[in-house]
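These protein sequence lines are chains L and A, in that order. The first sequence: position 17 = 17 (the working numbering), numbered continuously. The second sequence: position 29 = 29 (the working numbering), numbered continuously.
Treat the hints with caution; some may be incorrect.
No copy labels: a pair is met if it fits in one copy or bridges any two.
[Said to hold, decoys possible] Here are the computed lysine-lysine pairs in the DSS-like style, where the Cα-Cα straight-line distance is at most 27 angstroms:
1) Lys250 - Lys380
2) Lys231 - Lys357
3) Lys370 - Lys164
4) Lys312 - Lys178
5) Lys380 - Lys315
6) Lys357 - Lys229
7) Lys446 - Lys315
8) Lys381 - Lys317
9) Lys231 - Lys381
Derived from the structure by calculation, the hints contain no laboratory data.
Number of protein chains: 2
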Amino acid sequence: MKQYEVVIIGGSAAGPVAGITVKRHYRDASVLVIRTEKESQVMVPCGIPYIFGTVGSPSNNIIPDTLLSSNGIDLLIGEATEIDRDSKTVTTADGETVGYGKLILATGSLPVRPPIPGMELKNVSPVLKDAKLLAYAEPILRKAENIVVIGCGFIGAEMADEVKKASGANVTIVETLKHCLMLALDPEFSHMAEEELAEREIGIITENGVKAIHGNEKVDSVELQNGDKLKADVVIIGIGATPNNELAKKAGLKIGDTKGIWVDEYMRTSDENILACGDCAEKTCFFTGKPSGLRLASIATIEARIAGANIKEFKRKNPGAIGVFATAFGDFAVAAAGLTEKAANKAGFDVVIGEVKTFDRHPGGIPGAKESTVKLMVDKKTGKVIGGEIAGGTTTAEIANVIAMAIQNGMTAEDVALFQMGTQPLLTPSPITHPIVNAAEQALVKIG
Amino acid sequence: MKQYEVVIIGGSAAGPVAGITVKRHYRDASVLVIRTEKESQVMVPCGIPYIFGTVGSPSNNIIPDTLLSSNGIDLLIGEATEIDRDSKTVTTADGETVGYGKLILATGSLPVRPPIPGMELKNVSPVLKDAKLLAYAEPILRKAENIVVIGCGFIGAEMADEVKKASGANVTIVETLKHCLMLALDPEFSHMAEEELAEREIGIITENGVKAIHGNEKVDSVELQNGDKLKADVVIIGIGATPNNELAKKAGLKIGDTKGIWVDEYMRTSDENILACGDCAEKTCFFTGKPSGLRLASIATIEARIAGANIKEFKRKNPGAIGVFATAFGDFAVAAAGLTEKAANKAGFDVVIGEVKTFDRHPGGIPGAKESTVKLMVDKKTGKVIGGEIAGGTTTAEIANVIAMAIQNGMTAEDVALFQMGTQPLLTPSPITHPIVNAAEQALVKIG
Chain L
1 MKQYEVVIIG GSAAGPVAGI TVKRHYRDAS VLVIRTEKES QVMVPCGIPY
51 IFGTVGSPSN NIIPDTLLSS NGIDLLIGEA TEIDRDSKTV TTADGETVGY
101 GKLILATGSL PVRPPIPGME LKNVSPVLKD AKLLAYAEPI LRKAENIVVI
151 GCGFIGAEMA DEVKKASGAN VTIVETLKHC LMLALDPEFS HMAEEELAER
201 EIGIITENGV KAIHGNEKVD SVELQNGDKL KADVVIIGIG ATPNNELAKK
251 AGLKIGDTKG IWVDEYMRTS DENILACGDC AEKTCFFTGK PSGLRLASIA
301 TIEARIAGAN IKEFKRKNPG AIGVFATAFG DFAVAAAGLT EKAANKAGFD
351 VVIGEVKTFD RHPGGIPGAK ESTVKLMVDK KTGKVIGGEI AGGTTTAEIA
401 NVIAMAIQNG MTAEDVALFQ MGTQPLLTPS PITHPIVNAA EQALVKIG
Chain A
1 MKQYEVVIIG GSAAGPVAGI TVKRHYRDAS VLVIRTEKES QVMVPCGIPY
51 IFGTVGSPSN NIIPDTLLSS NGIDLLIGEA TEIDRDSKTV TTADGETVGY
101 GKLILATGSL PVRPPIPGME LKNVSPVLKD AKLLAYAEPI LRKAENIVVI
151 GCGFIGAEMA DEVKKASGAN VTIVETLKHC LMLALDPEFS HMAEEELAER
201 EIGIITENGV KAIHGNEKVD SVELQNGDKL KADVVIIGIG ATPNNELAKK
251 AGLKIGDTKG IWVDEYMRTS DENILACGDC AEKTCFFTGK PSGLRLASIA
301 TIEARIAGAN IKEFKRKNPG AIGVFATAFG DFAVAAAGLT EKAANKAGFD
351 VVIGEVKTFD RHPGGIPGAK ESTVKLMVDK KTGKVIGGEI AGGTTTAEIA
401 NVIAMAIQNG MTAEDVALFQ MGTQPLLTPS PITHPIVNAA EQALVKIG
């Protein structure tokens with residue numbers, strides 16, 4: 001039986017980063033990653049919506065296995081089916097057994113499959129991470145004439161925009177909530193995204209669900225809650241993901257409120273020799289300390305950097321997930337960091353808003369400049385910035401990262417008003433109308 | 001005689017922002033800006049290199065006067081020639097006298113005119129901020145066949161690239177130092193910028209100065225220190241700026257080591273009723289507390305936000321200038337925040353470097369992705385991040401701003417390694433290879 005100091009189960013975002021982090025902090029530790037995906041078959045997770053449109057094909061969206069080999073990490077391809085916590089071993093479906101000193105679970109998440117009649121029909125599928133299935137789906141998608149996407153969160157909206165690009169089909173998104181991207185954005189930002197999608201000829205039906213999917217072997221239509229019917233030769237489901245906690249459950253590990261594997265602030269599960277990170281792990285909100293449903297590749301890697309560093313001593317603590325989202329449709333981008341106004345109110349904060357519309361380059365008339373809107377959420381009681389939303393051009397996500405940095409440091413609106421930002425005509429807003437700084441000033445005035 | 005609670009001298013970046021800040025924090029305060037520029041004649045300062053190329057003309061590069069009027073700030077056009085500190089009045093060249101409660105000096109800087117023989121020839125000029133002179137220069141520049149730019153700092157390099165675009169002339173930069181942009185960047189980043197400029201057919205001559213400018217009334221050639229001669233029908237000088245301290249000196253205010261008007265951390269001059277901000281004010285380095293030669297529009301506005309808030313009580317303190325630079329040539333951009341490796345060593349820091357090359361989108365093969373290099377400077381003693389340099393695409397300057405935010409908060413490499421960044425395929429690097437986070441991790445390993 002092979003024995004490793006650290007065994008990691010999972011090969012997507014969290015697993016490899018946990019492994020690299022172990023090797024960075026403990027160069028001599030022996031590390032094994034066990035994963036189900038064959039050689040050169042691990043998808044870049046957030047790249048999946050783009051494989052048929054912008055990126056071109058699944059084979060252009062691979063996390064290279066050299067990430068493991070160049071860092072001296074061993075790879076075992078197979079499905080881990082059992083953890084024996086007493087003997088500290090993992091067994092795979094092929095019957096291979098490996099011993100561990102510490103085990104890191106990075107088993108990811110599984111797409112939610114809603115209980116809609118007709119889900120079993122051909123050409124109906126949630127967004128999958130499986131390279132083979134994606135390759136199988138490619139010609140079907142490219143030939144489709146009518147595509148229905150269920151769910152207008154980030155994955156749904158990105159998939160819709162990209163399959164439109166790949167197929168030229170009629171693409172319609174069906175969303176039960178009032179707006180697209182509503183869990184991540186306030187309505188005015190959702191509205192901007194909806195306008196952009198509409199301009200790109202993506203149909204959007206909100207406040208309506210799918211009652212049934214119809215067809216004869218293959219899907220041919222979708223019936224909505226209000227009785228309307230939509231033609232469909234492909235149905236894509238993007239309504240979220242649920243932690244893949246099966247192996248952990250079977251091993252008797254504690255499971256959290258959102259079905260993630262319970263972990264403490266050191267990413268340690270209820271077994272002191274087992275850590276968990278990424279989509280499979282239970283998350284805590286940075287702002288409220290309560291369980292959080294956030295599942296993002298970025299958060300997965302952050303947790304992996306904590307888990308990987310903590311295998312011998314508790315070097316790193318998880319302060320809870322801030323949550324930074326971004327997406328783009330053409331040259332329009334929208335992003336958010338921390339709490340929306342809506343989420344902040346719901347969490348009981350007394351929220352003060354600062355909002356500034358300017359341009360992402362300066363002067364505003366310079367070629368390539370896009371309008372940029374920044375909204376900051378400030379907690380009236382502490383003065384701290386607890387959220388930001390941005391709509392604009394290609395720099396939108398990095399502006400969200402500037403705000404994320406402010407939030408992570410517990411900066412107040414006063415601190416942010418004195419942010420020592422750099423500016424340049426071709427690359428940033430003007431220092432005079434700088435949106436983050438001026439939104440902070442606005443909020444300050446309101447706090448008084 | 002008119003009387004204002006706050007009189008501000010200067011109408012470029014710092015003056016208006018100081019005025020707006022006063023009105024934000026003290027809505028009822030009466031505020032007057034005195035400036036020399038006529039209506040709709042104030043240039044966006046950093047936009048000046050772009051007016052003949054990208055922006056098209058000086059009239060497209062105006063700071064709108066509505067910035068003052070919409071904020072209830074009065075404007076007096078004229079040259080302030082005297083401050084009477086006893087009677088607390090300012091007098092202009094036209095003989096108008098205005099009384100002040102507090103006076104804010106935002107008189108800016110003047111371009112350095114080197115003592116080169118031939119400086120007085122026609123078509124030889126430093127980069128000016130005067131709208132009329134710029135309009136006068138426009139046809140001369142557009143018709144030029146051979147242009148020599150003296151100085152390859154940001155202004156020199158940007159001017160060279162833009163006048164090339166506007167005129168199609170042969171453009172050559174002459175720089176005394178070993179590399180372009182050498183005061184802001186380490187050699188490897190300077191080198192990337194030089195390669196980009198060379199590809200854009202800008203001639204670059206380094207480690208060589210200008211001995212004399214020749215011509216008959218009008219310039220026709222430039223003679224270098226090594227004896228070489230360059231044809232030139234236009235010579236542009238971009239070798240820096242010096243604080244415009246004349247009025248302050250005349251009023252007997254204390255002047256600092258770099259010739260800026262001396263100010264304390266509240267931006268107060270040696271007269272408690274007079275504050276100063278922007279290029280005219282003496283600056284202190286955030287890292288060393290020593291006098292600093294940084295002069296940037298961004299810093300000017302930050303100081304203006306401090307000065308403007310401090311007119312009645314000391315609300316804001318200046319921690320010293322971090323210094324965030326950025327520029328772009330075509331779709332290549334380069335930026336820096338805080339200290340370079342060279343500057344950090346010179347200041348006596350024991351510096352540890354983390355450096356990561358990745359792509360600014362992910363997967364790296366996604367259309368539009370540009371290689372992105374991030375270098376972090378970490379102080380071995382405290383573990384704090386004290387500088388960052390970035391080369392890449394359009395998001396480069398905002399990435400520098402993320403690093404600036406980290407520096408401003410005194411984050412250590414360990415803090416930055418756990419940065420809760422957001423990522424998205426079309427907009428940012430991968431969370432796995434995230435350059436800021438991984439550069440911090442690299443530095444940590446070296447610190448041990």
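Hint by hint, here is what the structure shows:
In this assembly of identical chains, the alpha carbons of lysine 250 and lysine 380 never lie at most 27 angstroms apart, being 46 angstroms within a copy and 46 angstroms across copies at closest. For a Cα distance limit of 27 angstroms, the shortest separation of lysine 231 from lysine 357 qualifies neither inside one copy, at 40 angstroms, nor across copies, at 47 angstroms. In this homomeric assembly, lysine 370 and lysine 164 come within 27 angstroms of each other (Cα to Cα) both inside a single copy, at 24 angstroms, and across copies, at 25 angstroms. Taking identical chains as interchangeable, the C-alpha atoms of lysine 312 and lysine 178 are never at most 27 angstroms apart, the minima being 48 angstroms within one chain and 48 angstroms between chains.
Within a single copy, lysine 380 and lysine 315 get their C-alpha atoms only as close as 34 angstroms, which misses the 27 angstroms cut-off; across copies the closest is 18 angstroms, which meets it. Taking CA atoms no more than 27 angstroms apart as the test, lysine 357 paired with lysine 229 passes in neither setting, with 40 angstroms inside one copy and 50 angstroms between copies. With identical chains, the CA atoms of lysine 446 and lysine 315 are at most 27 angstroms apart between copies only, with a shortest distance of 16 angstroms across copies and 41 angstroms within one. In this assembly of identical chains, lysine 381 and lysine 317 lie within 27 angstroms of each other by CA distance both inside one copy and across copies; the values are 26 angstroms within and 22 angstroms between.
In the homo-oligomer, the alpha carbons of lysine 231 and lysine 381 never lie at most 27 angstroms apart, since the shortest distance is 52 angstroms inside one protomer and 66 angstroms across protomers.
Hint compliance for this structure: hints 1, 2, 4, 6 and 9 are broken, all remaining hints hold.
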